[in-house]
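Start from the sequences, fold in the hints, and give me the full structure.
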Amino acid sequence: MIHAGGPFSNRHGSSRDDFADFIALDKHAELGWRIRIEGSLGIKAREFAGPIAGLQQIYTIGLKHLNEVGSRFGVDFASATSVQQDLIITDQTDSATQAFGGTAFANTLDAQYGAPEYGGNQGLVGWQYTHYSGDVQPNGFSDDQVTTLDTGGSPPLPLAAARNIQALLPGLRGRATPHSAPWLGRPPFKRG
Amino acid sequence: MGKPSVVIVGSGAGGSVAAWALTNAGHPVIILEKGRNLIPGLGGRSPLGSTFGNDDVKAGRAFENQDPVLEPRTMRTQLDAAQGTDRTFIGDVNDLPTTVGGGTIHWDAKCPRFWRQDFKGLSLYGPVPGANVADWPITYDDLAPYYDAVEYKLGVQGDIHQIPAFVLQQAPRSRQFIMPPSPTMYAGRLLAQGGATLGKTAYPVPMAINSAAFEGRPRCNSCGFCSGYGCPINARGGAAVSFLHDALKGGAQLRSRCFVYRVEMASKRRAAGVSYLDEDGKTHTVNADIVILAASAMETPRLLLMSANSDHPSGLGNLSDQVGRNLMFHFFTLAGGIFRDDVHALRGPSSTLTMDDFVGPDTPQMAARAGLPYLKGGIQELGATIGLFAEAGLYSAAFPTGGKAHKDLMKLSVLRAHVAGMQMPGEDMPQKANRVDLDPAIHDVYGFPVPRITHSAHLFEITASSYYGPQMQAVCAAAPGAIGSFWIPVANLAETGSGNPLGSAAASAATTAHVMGTARMGDDPTASVVNACSRMHEVDNLYIADGSVFTSSGGFNPTNTIMALSLHMTHCIISGDQPVAGTPPMSALPNTGGPEMGLAEEAVAGAAALGGAAVARLGRGGNHLEH
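Protein chains in written order, with my numbering: chain A, 1 to 192; chain B, 1001 to 1627.
What the hints contain is simulated information worked out from the structure, not anything from laboratory work. You may find that some hints are simply not true.
[Said to hold, decoys possible] Partial list, derived from the structure: chain A residues whose beta carbon lies under 7 angstroms from chain B: (1) Gly114; (2) Tyr118; (3) Gly153; (4) Ala162.
[What the hints assert, rightly or not] Derived DSS-like pairs (lysine-lysine); straight-line CA-CA distance at most 27 angstroms: (5) A/Lys27 with B/Lys1282; (6) B/Lys1268 with B/Lys1003; (7) B/Lys1404 with A/Lys64; (8) B/Lys1249 with B/Lys1003; (9) A/Lys44 with A/Lys27; (10) B/Lys1282 with A/Lys44.
[Claimed, not checked] Part of the chain A face toward chain B, derived, beta carbon under 10 angstroms: (11) Ser15; (12) Asp18; (13) Gly50; (14) Tyr113; (15) Trp127; (16) Thr148; (17) Pro155.
Nothing here was measured: the structure is a model prediction, and the numbers come from that model. Just so it is clear, CB atoms sit at the ideal spot from N, CA and C, and this is done for glycine as well.
Next comes the structure, spelled out in structure tokens:
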């Protein structure tokens, strides 16, 4: 369940949902995903470039850490109020929380904004509030939709939003994907 | 006795063009590719399929990309190297797709040509302090017929009548494009209008996207998942669908998931073949009369260095000490206009217009103040934006763990739906100290040393970015309806690492997948690695067909030039391994002047006829290349 199939879902003109037929990993790709999920576990064949913590360890340790921090409020993290949870998660002085949060966030994006065949984005909610067209093949867009203004998308922008966006612009440079934490990379503007 | 046998390492842009031309010329060809094949039907008689979709999750999960968990690279700056630091980063360093078809499996298919001046930088403009500037041993005019042939086979769209005269003077074209431009994207047109008020000229960017059905592949339907995504309908030309497919049908043999780790030598000056590991880790050796390395400007020098032996102790063909050096990227600068309306810059291929007014050279005061003789930038891709996942990632720079603020930004979609972006792949100066070598301690899943990248930007590209960036912003600000604008020295930011949690070296090369220069072409064997035919100076039957051979980087996407150089190389091979002098006639192509706008039948027929026999005819006309 790593790579959805292709080329089409059944959302825009195809009667068949190819996305639902996930593509089998071959031996090489499977090793990469076992290391990502299970970790290198001290196995020599997995530690050619050093040890890697798998998602299983990252989540086990990370959730335990959140509960420990939550004990400051006298509760488990899961039982804390949303305000308390936000305080815990956004504590920039807690590097363990931030590292776990970065991985959990990257994984959450897949569920929030990915194709629903991956198990999230139910009812296409993540695409609706972003006014995102999602996967549009095989219909694609018409020449008119490409060449002319189309008011059916994202609503007109409040001017204040345009003014305040400057702070985020440096992030457009992207971030490289490190070997030891493959979830933390993100694509830049577009790299041609 | 048959034609010499050929083994090609890598099935990307250079490797597939070589496989196609040499197969059609009657050479037995084997292609070894370390990735897997993701195109159903490739090499068969039935229509091509696709395993790609409009799928951001898959694109982010090393589907076609090299997996940095299995095949990491390492990185450091020149300063790190001087201080004895082995590396400061392990992971994805400018990784290209590792799959059959290589980088072109998800390229944005821009096909600009290098300009005349790019081949003669030293003699035209002189040296740049601290950079290793050199002339190429070939000229634009030598390469022009090969550009023609590659572009016709790829199915490159464009309109010669809309290209400004100053561009045609630098990159003359003898014929119209094989198909007309795609519909102009709305966001790009806004920026073009802004540019026009400032005296800048936008025109349809030449690109290998079908604006009409071509060679059994359909017209592009503008889905928007282009640069960085495999095409779900094969409407984009590329190494696999345009060249390798026909090579395989013609009898070439493709072996995927085969990692080549060594070039085997028969004698000091002759390669015997290559050794590789198959998917099960078993060792094989393929012997061939001719060996072509087309593994990328990262992996080819790595392979040459791993192939060191007693005759070539510092790496194969490395007496010049240039193997792995002069590594060049493109130095990206971004600008954008912010619009009140949704300008839907995702609809269409990544952009349909370009603008060459910032290619240079220019000699502003700020160049002189920086001690530089001139500045150069590059082409502009007009009217691009980011996808949903890239946008989410971007906002995470401010809100690393998400939350409501992040979601609110996603709802507004300012930097995706309301931006028309402008992107410049700026020219990067070659420096000896920017290099690929073998990491002394880190290995890949195959057990071999990974490529280590040492890279720091030259003042040239940093200054150029600062010079052209504000001018790019001015274009965006002048676009009708723009309520805001910005320019971002993305490469500068990455280079200095400001605010980057992974440190400077981690991201300094992360803004580009264009890699060039690590086995440079030249006439002087003491200062270059390959000759004008892309043949190694020190090994008579070993050729290189990827970005490694670039002597300069230009301000242009490199793939079209990689392909043209590869076809030029095959011409040398077919015509008896002689260096090319002058321009071979292109008797196989339609008449100069070519078809008028649209898919003229004779043009399609001409492109289809450009098989190996046609390539073999490239030398016809009584010049010395006929053997």
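Hint consistency between A/Lys27 and B/Lys1282 [alpha-carbon to alpha-carbon, up to 27 angstroms]
holds, 14 angstroms
Was the hint right that A/Thr148 lines chain B, CB cutoff 10 angstroms?
Where the cut-off is 10 angstroms and the nearest Cβ of chain B is about 6 angstroms from A/Thr148, the hint holds.
Is the interface hint satisfied for A/Gly50? The criterion is a beta-carbon contact with chain B at less than 10 angstroms.
holds, 7 angstroms
Are B/Lys1268 and B/Lys1003 close enough, with their CA atoms no more than 27 angstroms apart?
holds, 23 angstroms
Minimum Cβ distance from A/Asp18 to chain B below 10 angstroms?
With a minimum Cβ separation of about 7 angstroms from chain B (threshold 10 angstroms), the hint on A/Asp18 holds.
Measuring from the C-beta of A/Gly114 to each C-beta in chain B, is the shortest one below 7 angstroms?
This hint holds: A/Gly114 lies near chain B, its Cβ roughly 4 angstroms from the closest one there, short of 7 angstroms.
Please verify that hint: A/Tyr118, Cβ, nearest Cβ of chain B, below 7 angstroms or not.
holds, 5 angstroms
Given A/Pro155 as an interface hint, is the shortest Cβ-Cβ distance to chain B below 10 angstroms?
holds, 8 angstroms
Are the Cα atoms of B/Lys1404 and A/Lys64 separated by 27 angstroms or less?
holds, 24 angstroms
Please verify whether B/Lys1282 and A/Lys44 have alpha carbons no more than 27 angstroms apart.
holds, 18 angstroms
Sort out whether A/Lys27 lies within 27 angstroms of A/Lys44, counting only the CA atoms.
Given pair A/Lys44, A/Lys27 holds - Cα atoms ~17 angstroms apart, limit 27 angstroms.
Hey, does the A/Ala162 contact hint survive, CB to chain B under 7 angstroms?
holds, 4 angstroms
Hint compliance for this structure: hint 11 alone is broken.
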